[in-house]
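*Asks:* Sequence:
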Amino acid sequence: MYAIIQVLFLVNLEKYPMKSYSTIEQRIDILQSRIEAYKEEIAVLQAEPKSNNERIIFKFIETGSTGKTKDFVRELGIKSPRDSLYSSGDVTKLIKDGADDITPALLEIARTLASARNKNGPSC
Numbered sequence: 469m470y471a472i473i474q475v476l477f478l479v480n481l482e483k484y485p486m487k488s489y490s491t492i493e494q495r496i497d498i499l500q501s502r503i504e505a506y507k508e509e510i511a512v513l514q515a516e517p518k519s520n521n522e523r524i525i526f527k528f529i530e531t532g533s534t535g536k537t538k539d540f541v542r543e544l545g546i547k548s549p550r551d552s553l554y555s556s557g558d559v560t561k562l563i564k565d566g567a568d569d570i571t572p573a574l575l576e577i578a579r580t581l582a583s584a585r586n587k588n589g590p591s592c
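Count along the sequence shown starting at 1, add 468, and that's the number in our numbering.
No lab work stands behind these hints: they were computed from the structure.
Bear in mind the structure is a predicted one, so any value in this text is a computation, not a measurement.
Hints should not be assumed to be uniformly reliable.
Claimed, not checked - Between beta-carbon pairs, the in silico distance windows are: (1) Glu543 x Lys518: 34 to 44 Å; (2) Ser490 x Ser555: 44 to 54 Å; (3) Thr491 x Gly535: 43 to 53 Å; (4) Ser488 x Ile510: 47 to 57 Å.
C-beta atoms are modelled at their ideal positions from N, C-alpha and C, and glycine is treated no differently.
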């Protein structure tokens, strides 16, 4: 759960960077737009995966690691598009190129996390 909150914060900070304001009303508007964005992200992350590709993306978001995601996919027995064992590169390619059976909002979260990932797992 903590990792999901970190991802939400990171994605929303990218979408809604710190903005200056000159009135309390403007500050409230900014905060309300962030709350709405958090609700949308939470809804995306609470949805059940509808395909194996979405399962892979969810696992990447959870772990922040292409290696751990690759291990998960191999345990499931899912083959890569090349009809061989999944590799970390296949996970990266899926995140980069996407697929027709992945929700665009879910893919956006994964791409944001991939561009900001570190060796210790997902972070903000």
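*Asks:* Any hints from earlier that this structure breaks? Give me their numbers in increasing order, please.
*Replies:* Numbers 1, 4, in rising order.
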